[in-house]
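> Going down the list, the sequences are from chains A and B.
Number 102 in numbering that gives the first Met the number 0 belongs to position 103 of the first sequence; there are no gaps in the numbering.
Number 274 in numbering that gives the first Met the number 0 belongs to position 275 of the second sequence; there are no gaps in the numbering.
Note that these hints are calculated values from the structure, not bench results.
Where hints are given, some of them may not hold.
Each pair may be met inside one copy or between any two copies, as identical chains are not told apart.
Straight-line C-alpha distance at most 25 angstroms; calculated DSS-like pairs for lysine-lysine [unchecked claim]:
1) 165 with 291
2) 261 with 165
3) 165 with 44
4) 127 with 261
5) 14 with 127
6) 44 with 261
7) 44 with 304
8) 165 with 176
9) 81 with 44
10) 165 with 14
11) 14 with 291
12) 127 with 44
13) 291 with 213
14) 14 with 304
15) 81 with 213
16) 44 with 14
17) 81 with 304
Number of protein chains: 2
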Amino acid sequence: MTHTLAIGPYNDDEKQGLTRELSPIYLDGPAGVADLDAARRDAIKAVAYKGHHAFGATEMDLLPNVGVVANYGVGYDAIDVKEASVRGIKVSNTPGVLNDDVADLAVAMLIMQGREMEHASAWARSGKWAEQGEYRLNRKVSGGRVGIVGLGRIGREIADRLAAFKMDIHYWSRSEKDTPDWTHHSDPVSLANAVDYLIVALVGGSDTEQFVSKEVIAALGSRGVLVNISRGSTVDEGALLDALESGAIAGAALDVFLNEPKIDPRFYALDNVVIQPHQGSGTVETRAAMAKLQRDNVLAFLGAKDLLTPVN
Amino acid sequence: MTHTLAIGPYNDDEKQGLTRELSPIYLDGPAGVADLDAARRDAIKAVAYKGHHAFGATEMDLLPNVGVVANYGVGYDAIDVKEASVRGIKVSNTPGVLNDDVADLAVAMLIMQGREMEHASAWARSGKWAEQGEYRLNRKVSGGRVGIVGLGRIGREIADRLAAFKMDIHYWSRSEKDTPDWTHHSDPVSLANAVDYLIVALVGGSDTEQFVSKEVIAALGSRGVLVNISRGSTVDEGALLDALESGAIAGAALDVFLNEPKIDPRFYALDNVVIQPHQGSGTVETRAAMAKLQRDNVLAFLGAKDLLTPVN
Numbered sequence: 000m001t002h003t004l005a006i007g008p009y010n011d012d013e014k015q016g017l018t019r020e021l022s023p024i025y026l027d028g029p030a031g032v033a034d035l036d037a038a039r040r041d042a043i044k045a046v047a048y049k050g051h052h053a054f055g056a057t058e059m060d061l062l063p064n065v066g067v068v069a070n071y072g073v074g075y076d077a078i079d080v081k082e083a084s085v086r087g088i089k090v091s092n093t094p095g096v097l098n099d100d101v102a103d104l105a106v107a108m109l110i111m112q113g114r115e116m117e118h119a120s121a122w123a124r125s126g127k128w129a130e131q132g133e134y135r136l137n138r139k140v141s142g143g144r145v146g147i148v149g150l151g152r153i154g155r156e157i158a159d160r161l162a163a164f165k166m167d168i169h170y171w172s173r174s175e176k177d178t179p180d181w182t183h184h185s186d187p188v189s190l191a192n193a194v195d196y197l198i199v200a201l202v203g204g205s206d207t208e209q210f211v212s213k214e215v216i217a218a219l220g221s222r223g224v225l226v227n228i229s230r231g232s233t234v235d236e237g238a239l240l241d242a243l244e245s246g247a248i249a250g251a252a253l254d255v256f257l258n259e260p261k262i263d264p265r266f267y268a269l270d271n272v273v274i275q276p277h278q279g280s281g282t283v284e285t286r287a288a289m290a291k292l293q294r295d296n297v298l299a300f301l302g303a304k305d306l307l308t309p310v311n
Numbered sequence: 000m001t002h003t004l005a006i007g008p009y010n011d012d013e014k015q016g017l018t019r020e021l022s023p024i025y026l027d028g029p030a031g032v033a034d035l036d037a038a039r040r041d042a043i044k045a046v047a048y049k050g051h052h053a054f055g056a057t058e059m060d061l062l063p064n065v066g067v068v069a070n071y072g073v074g075y076d077a078i079d080v081k082e083a084s085v086r087g088i089k090v091s092n093t094p095g096v097l098n099d100d101v102a103d104l105a106v107a108m109l110i111m112q113g114r115e116m117e118h119a120s121a122w123a124r125s126g127k128w129a130e131q132g133e134y135r136l137n138r139k140v141s142g143g144r145v146g147i148v149g150l151g152r153i154g155r156e157i158a159d160r161l162a163a164f165k166m167d168i169h170y171w172s173r174s175e176k177d178t179p180d181w182t183h184h185s186d187p188v189s190l191a192n193a194v195d196y197l198i199v200a201l202v203g204g205s206d207t208e209q210f211v212s213k214e215v216i217a218a219l220g221s222r223g224v225l226v227n228i229s230r231g232s233t234v235d236e237g238a239l240l241d242a243l244e245s246g247a248i249a250g251a252a253l254d255v256f257l258n259e260p261k262i263d264p265r266f267y268a269l270d271n272v273v274i275q276p277h278q279g280s281g282t283v284e285t286r287a288a289m290a291k292l293q294r295d296n297v298l299a300f301l302g303a304k305d306l307l308t309p310v311n
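Please put together the full structure from these sequences, using the hints given.
Structure below.
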């Protein structure tokens with residue numbers, strides 16, 4: 000009987016890898032666990048998890064012999080890690096391999112917003128370039144003041160790139176980092192006050208919920224642009240929408256949203272927002288690396304070895 | 000009688016600066032020179048030039064006492080510099096101040112193309128994200144192999160930025176530069192063979208016409224992406240369109256075109272091309288700096304001082 004349960008929307012390449020190495024039972028989401036018969040559930044020792052639906056006590060109760068939940072992705076806020084730890088269940092994620100992609104997207108989103116590239120493209124394609132001549136002037140990005148909220152692995156990759164754009168780099172993190180050229184802020188409102196571009200690179204979960212609060216958004220000011228590549232939950236989205244609609248801030252560039260993919264339709268009516276469909280890590284190369292790291296964590300557990308990238 | 004003739008599509012801020020410092024006669028383009036009466040033409044000592052229409056012997060014949068043509072922009076291919084030199088007319092441009100903006104746009108265009116950001120945005124906004132789930136995977140940019148055609152001021156700014164994306168940097172230039180981590184190619188076909196992304200940062204003019212030839216484009220190959228922020232003339236545009244339509248290369252990201260703004264409509268039918276309306280230097284900050292440098296060159300000439308940024 001198979002020892003592995005693969006839960007989530009895996010693509011064909013990923014399924015091929017999972018089947019080859021782990022011959023798992025596949026489920027579209029955690030809701031399907033309850034439909035498995037008891038013998039199959041009892042045999043499961045490892046879960047390969049992908050997706051944003053909650054995986055917690057209910058599912059763990061149904062899988063009494065599970066010892067590891069290996070998450071596909073660096074953000075494991077869908078998994079109740081506290082509950083897992085109480086039960087002695089190990090959790091792993093896939094850090095490192097996706098940092099570059101997420102940072103690339105963040106930088107491009109920032110420039111797209113500042114330089115109005117999506118609007119300029121549509122304007123040219125509509126024939127207005129030929130009719131009206133020069134596109135309207137927009138806004139210089141290089142040399143600007145940028146704030147990174149959360150200087151973890153991904154935040155650091157973003158900051159390293161933006162340093163090459165000669166930006167004045169500020170950041171919030173719990174502790175000051177060894178980056179003497181960059182300015183640490185212990186308060187996110189102070190950070191937002193100091194910069195024009197604010198990039199959110201926090202981990203998700205309850206600890207960071209609405210960390211980018213109404214007050215932080217207000218502090219960004221009318222020249223301010225918010226970039227979010229973390230989780231929709233980290234931002235007070237209602238306050239953000241209000242600020243975008245009223246012009247209290249200049250714009251936003253967002254790869255993540257509350258209730259994605261069914262995002263708030265108010266976003267679609269705004270022309271000062273760059274919208275991406277949560278594709279920060281969405282490259283062939285990186286997803287293959289993430290899938291491999293997830294499998295390697297499962298294999299390590301089943302082989303009684305240390306997890307490669309443990310969370311708890 | 001006024002000594003300065005301002006030719007080109009100046010915006011209100013620029014006109015304000017010109018009027019304040021030089022009280023020029025304004026013309027929309029060089030064709031208008033012939034309509035000025037002889038007394039006015041004879042009084043002109045300096046031309047502040049903006050635009051892409053040719054300014055050469057015909058106009059110089061009509062302005063017998065002109066001593067300087069101060070171009071707005073780093074690319075002065077619209078001005079017949081050889082003809083100016085023969086007549087002892089000085090030419091200046093506005094280098095330096097626009098490098099950052101052009102490099103920012105080039106980097107963002109490259110990532111937009113690789114990560115399909117424009118397509119992903121349209122897909123999300125169309126409601127397909129909510130209906131179909133994850134956007135299709137695309138292509139990792141960081142760590143890739145990039146070639147810069149022309150490692151002048153702007154090419155260098157682009158390369159410096161892409162180095163922060165951990166890219167393997169190759170370049171073509173007439174002479175090898177003191178950049179030991181980067182690979183020099185003395186032949187553009189060799190360069191195109193070595194990379195996936197080719198960024199054209201040449202000066203315009205007859206010397207570089209179709210420098211990115213059919214052979215160079217073919218050498219890029221089916222994974223190849225061409226980025227052009229220089230001039231449409233530097234690329235064999237017919238060969239580029241053929242290669243984009245046939246899939247001989249993967250895509251392009253273009254800020255410049257032949258016959259812009261009336262660009263070849265074949266571009267509009269392609270979904271693997273990022274189109275920008277020649278807005279490389281199009282920010283409020285940079286255009287103000289370019290306008291000031293142009294005026295300062297005219298003022299230097301009228302004050303019998305050395306030009307700040309001479310071309311000939």
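> Hint by hint, work out which the structure violates, then give me just those numbers in ascending order.
Going through the list in order, the structure violates hints 2, 3, 6, 10, 12, 13, 15 and respects the others.
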